[in-house]
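So the protein sequences, as listed, match chains P and C. Here my numbering is used: the first residue of the first sequence is 423, the next is one more, and so on. Here my numbering is used: the first residue of the second sequence is 423, the next is one more, and so on.
Source of the hints: derived by calculation from the structure; they are not laboratory data. Mixed in with the good hints there might be a few duds.
Any copy, or any two copies together, can satisfy a pair, since identical chains are not distinguished.
[Unchecked claim] Each computed BS3-like pair below joins lysine-lysine, with the alpha-carbon atoms no more than 30 Å apart:
no.	residue 1	residue 2
1	Lys443	Lys598
2	Lys598	Lys569
3	Lys443	Lys577
4	Lys598	Lys557
5	Lys577	Lys508
6	Lys565	Lys672
7	Lys598	Lys577
8	Lys613	Lys443
9	Lys616	Lys508
10	Lys581	Lys569
11	Lys508	Lys613
12	Lys569	Lys672
13	Lys508	Lys565
14	Lys581	Lys565
There are 2 protein chains.
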Amino acid sequence: MPTILITNDDGIHAPGLAALKEALEGLGTLRVIAPDTERSAAGHAITMMHILRVLDIYRNGDLYGQAVTGTPADCVKLAISNILPKSPDLVVSGINPGPNTGTNVLYSGTVSAAMEGTIYGIPSLAVSMGSLQSKQDYQPAGKYVRKLAEQMLAKGLPKGVMLNLNVPSLPQDQIKGIRLTHQANYHYNDKYEKRLDPRGREYYWLSLEDAEVIDSSSDADAVAIAEGYASLTPLQFNLTSQEFMNDLRKWEL
Amino acid sequence: MPTILITNDDGIHAPGLAALKEALEGLGTLRVIAPDTERSAAGHAITMMHILRVLDIYRNGDLYGQAVTGTPADCVKLAISNILPKSPDLVVSGINPGPNTGTNVLYSGTVSAAMEGTIYGIPSLAVSMGSLQSKQDYQPAGKYVRKLAEQMLAKGLPKGVMLNLNVPSLPQDQIKGIRLTHQANYHYNDKYEKRLDPRGREYYWLSLEDAEVIDSSSDADAVAIAEGYASLTPLQFNLTSQEFMNDLRKWEL
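Required output: the full structure, derived from the provided sequences and hints.
In structure tokens:
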């Protein structure tokens with residue numbers, strides 16, 4: 423029986439995590455090891471300056487999983503190095519409410535947890551939904567996850583590559599299938615609200631931002647889910663831009 | 423006069439930041455906007471669930487810069503969107519004690535700050551030293567930074583690409599020059615020390631790890647600095663693995 427590590431960035435009590443576990447039931451030994459609280463936008467942060475604690479979490483009298491007082495990447499590292507008896511055969515992270523497309527993948531704790539699995543050479547998958555609602559129908563996404571997980575267990579993935587799945591928040595019969603995509607080229611026009619605290623001192627809070635869409639090609643991840651397709655993107659952790667290397671050779675170095 | 427945004431992940435009081443500012447003196451209007459405390463290994467985390475404050479920091483009676491109670495990526499976002507009168511012409515992040523090579527670039531707040539500048543379309547550079555010592559000779563690195571900054575201001579960088587510079591902690595005359603490199607393929611064998619707190623309860627702490635070296639090619643970033651070269655790597659934020667796309671098409675999707 424393969425061991426499947428299930429994690430997320432919304433915390434161990436998130437409905438999306440429970441839906442992910444349900445979708446994978448029967449495929450292997452499922453181990454839930456996730457942050458104790460929400461760690462959205464944690465990126466690939468890891469905890470070095472502080473300690474980590476691990477807490478057993480029970481549901482209906484049964485052990486549900488372990489909560490870690492750290493980031494998604496901490497959870498995967500600690501699971502592999504200390505908590506699990508052996509390295510898992512698959513890491514699945516999610517199901518995240520809200521898409522992880524475009525530059526969102528850089529900020530995403532969901533994607534970073536899967537990337538951490540990839541660093542350890544374990545086939546890894548991140549899963550996110552089109553809508554930000556925590557309570558939504560995760561079942562259509564769950565079906566895609568199960569199908570991908572089965573194939574990942576059978577075929578593996580190339581070294582250094584993970585899969586990033588984004589599923590539109592639509593009823594199953596309105597999802598048009600899976601489209602293979604690239605990470606879209608768009609970014610947010612960040613705005614911070616400047617406010618005053620009860621003592622009259624200024625502070626800033628990141629507000630809801632509009633994305634500036636630069637990439638409108640049909641095989642961009644964000645475009646695919648907007649058009650009703652589940653988007654599947656292979657992502658790698660080697661960030662080297664080979665394309666610019668030749669031009670850079672002409673610089674005075 | 424161009425505006426240069428200077429930031430880091432070690433906090434506004436770090437010696438490496440002061441050295442970076444000194445190296446860039448005269449090239450433009452220098453604006454220091456950096457985390458209030460050390461945020462090493464913050465990755466590309468951003469703060470959404472909490473507020474941010476901005477504090478003026480003075481040195482010898484003069485305004486030195488602004489400290490932000492957030493991550494390196496927060497600093498760059500907030501600087502561009504609210505603090506600076508206009509978007510900077512260059513972002514330089516560092517000088518970080520300790521190399522940001524291989525998979526370290528994923529965990530690195532130093533690199534993520536520069537990547538955030540890149541997301542905004544601003545030519546951006548991350549700079550790190552071979553040694554972890556906070557107090558060391560940053561001058562040789564400063565010279566490379568200045569030379570690169572001048573060229574980045576003159577030529578710009580392609581969209582989506584930043585530069586990652588790692589300089590060995592050696593006297594100037596022992597550094598053999600700059601080598602163009604790729605992000606090395608290696609990772610750490612993470613170990614967590616399991617300890618007991620004063621009340622007898624278990625906790626974990628990430629210990630010093632040995633890197634497992636898989637990549638020994640001379641144009642790998644970590645190899646270059648080990649051989650006495652400053653390493654310069656173009657990095658991109660588009661993580662799409664085009665290589666695996668064709669194989670993935672053969673999957674049952």
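Evaluation of the provided hints:
{"no.": "1", "hint": "Lys443 with Lys598", "verdict": "within (24 Å within a copy, 53 Å between copies)"}
{"no.": "2", "hint": "Lys598 with Lys569", "verdict": "within (16 Å within a copy, 52 Å between copies)"}
{"no.": "3", "hint": "Lys443 with Lys577", "verdict": "within (21 Å within a copy, 51 Å between copies)"}
{"no.": "4", "hint": "Lys598 with Lys557", "verdict": "within (22 Å within a copy, 58 Å between copies)"}
{"no.": "5", "hint": "Lys577 with Lys508", "verdict": "within (20 Å within a copy, 51 Å between copies)"}
{"no.": "6", "hint": "Lys565 with Lys672", "verdict": "between (50 Å within a copy, 19 Å between copies)"}
{"no.": "7", "hint": "Lys598 with Lys577", "verdict": "within (25 Å within a copy, 45 Å between copies)"}
{"no.": "8", "hint": "Lys613 with Lys443", "verdict": "between (36 Å within a copy, 27 Å between copies)"}
{"no.": "9", "hint": "Lys616 with Lys508", "verdict": "between (49 Å within a copy, 17 Å between copies)"}
{"no.": "10", "hint": "Lys581 with Lys569", "verdict": "within (21 Å within a copy, 36 Å between copies)"}
{"no.": "11", "hint": "Lys508 with Lys613", "verdict": "between (45 Å within a copy, 14 Å between copies)"}
{"no.": "12", "hint": "Lys569 with Lys672", "verdict": "between (48 Å within a copy, 14 Å between copies)"}
{"no.": "13", "hint": "Lys508 with Lys565", "verdict": "within (27 Å within a copy, 48 Å between copies)"}
{"no.": "14", "hint": "Lys581 with Lys565", "verdict": "within (25 Å within a copy, 37 Å between copies)"}
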